[in-house]
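Chemist: Sequence:
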Amino acid sequence: MTTSYPNPNQPTSQNSTSQNSTSQNNGSQETLKLAPPDIEKQFQWMREQVTRVQSVLSQVKNRNALLNNTVEQVKQLFQGSRTLIYQFQTEQQGMVLAESVDRGWTPAVRETVPATFFGADIRDEYNRGCVSIAYSATTQVTPYQLQLLEKFQVRSSLASPIRLGGQIWGLLVVQQCNETRRWGEVDATLLDQISTALSLHLVGYQYQEKLQQQQVREQAVNKVIDRIRRSLDIRTIFQSTTQEVRQLLQADRVGIYRFNRDWSGQFVAESVGPGWTSLLQNPPDEKLFRDNSEDCNLKQMVTTGGRGEIADTYL
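Residues 1 to 315, numbered by the working numbering, are exactly what the sequence shown covers, in order.
The set of hints was computed from the structure by calculation and includes no laboratory data. Please note that a few of the clues may not be correct.
With a straight-line cut-off of 30 Å between C-alpha atoms, the simulated DSS-like cross-links for lysine-lysine are [as the list claims (entries may be wrong)]:
1. LYS61 x LYS75
2. LYS75 x LYS41
3. LYS210 x LYS223
4. LYS61 x LYS210
5. LYS151 x LYS75
Derived DEER-like restraints, expressed as beta-carbon distance ranges [unchecked claim]:
6. MET95 x ILE256: 29 to 39 Å
7. TYR144 x GLU40: 39 to 49 Å
8. ALA251 x VAL109: 22 to 32 Å
9. LEU200 x ALA251: 26 to 36 Å
10. GLN140 x GLN92: 17 to 27 Å
11. GLN243 x TYR144: 45 to 55 Å
Here the structure is a predicted model, which means the values were calculated and not measured. Note that beta-carbon positions come from the ideal geometry of N, C-alpha and C, so glycine has one too.
Make a model of the complete structure from these sequences and hints.
Modeler: Below is the structure:
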């Protein structure tokens with residue numbers, strides 16, 4: 001059975017309201033094991049737990065430590081069998097980046113798994129808020145979901161979306177493997193709040209990573225310029241340039257191609273990764289290049305001033 005807990009910041013449809021009502025009736029008796037029964041005390045308790053988790057996360061030094069500390073804190077708080085952080089790679093699939101799991105259960109870290117494993121089939125379906133899935137002998141799940149649940153011994157799962165820049169980046173997930181567990185509103189609300197706190201920290205680390213990448217690019221460009229200034233040999237300049245640019249872009253091949261007046265030409269320098277054929281040692285068919293010169297991107301850019309449609313060709 002899959003249940004959605006609508007995000008209070010998102011519009012609530014009639015269907016999701018009905019699902020939420022069902023979850024309240026079914027899950028009110030089984031919620032966080034440490035949560036006090038009084039409503040006012042529950043909210044106070046949740047604020048204290050979120051504050052405590054935020055305090056721990058604010059002390060970490062890097063992104064990996066942030067993810068690992070988050071799953072440890074959430075697992076301890078929810079007393080689940082497994083807690084994980086999942087990042088979407090496509091609309092329907094992603095990878096488990098961090099995990100805290102009890103001994104005896106199959107690890108999922110670094111595994112690529114479909115989104116349906118956590119209750120909804122695609123990324124956008126998690127926009128409504130927390131999604132839970134529970135498996136028992138009478139539960140209606142798809143054969144594929146059943147295969148995934150059995151592979152990782154999951155009996156119950158609660159997933160909260162992690163949002164970055166208004167988009168769903170991934171999921172913060174708590175799973176129970178030893179027994180079926182009903183998730184209540186307290187569980188969903190608390191997990192959503194921790195997911196929001198995690199999102200804020202991730203935004204900061206993403207910004208730092210972009211700054212570091214920019215610094216690396218600037219250093220590489222300055223390195224190329226410095227080598228060009230030091231050398232008077234054109235071949236040395238070309239070789240240094242292709243090597244540095246390939247390393248910077250992490251590409252398989254970077255080449256320098258010299259055109260003739262008829263738009264034919266040849267490669268004059270190249271840096272190529274292991275396992276790939278060198279275009280200098282095995283040059284392409286020159287006649288083929290000449291016959292297809294009309295489709296050359298650079299030629300069209302020169303002759304049309306960059307206007308019009310440009311085909312995506314070899315050059």
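Chemist: Indicate, hint by hint, whether the structure satisfies it.
Modeler: Hint by hint, here is what the structure shows:
1. Proposed proximity of LYS61 and LYS75 is supported: the alpha carbons are some 21 Å apart, at most 30 Å.
2. This hinted pair checks out: LYS75 and LYS41 have alpha carbons roughly 22 Å apart, not beyond 30 Å.
3. With a CA separation close to 20 Å, the supplied pair LYS210 and LYS223 stays within the 30 Å bound.
4. About 16 Å separates the Cα atoms of LYS61 and LYS210, which keeps this hinted pair within 30 Å; it holds.
5. The hinted pair formed by LYS151 and LYS75 meets the criterion: a straight-line CA distance of about 20 Å does not exceed 30 Å.
6. In this structure, MET95 and ILE256 meet the distance hint of 29 to 39 Å, their C-beta atoms being roughly 37 Å apart.
7. The given range of 39 to 49 Å is respected by TYR144 and GLU40, whose C-beta atoms sit roughly 43 Å from each other.
8. Checked against the hint of 22 to 32 Å, the C-beta distance between ALA251 and VAL109 comes to roughly 29 Å, which is consistent with it.
9. Between LEU200 and ALA251 the beta carbon distance is about 34 Å. The supplied range of 26 to 36 Å therefore holds.
10. Taking 17 to 27 Å as the suggested C-beta distance range, the pair GLN140 and GLN92 conforms, at roughly 21 Å.
11. Take GLN243 and TYR144: their Cβ atoms lie about 46 Å apart, and the range 45 to 55 Å holds.
Against the hints set out earlier in the document, no violation occurs for any number.
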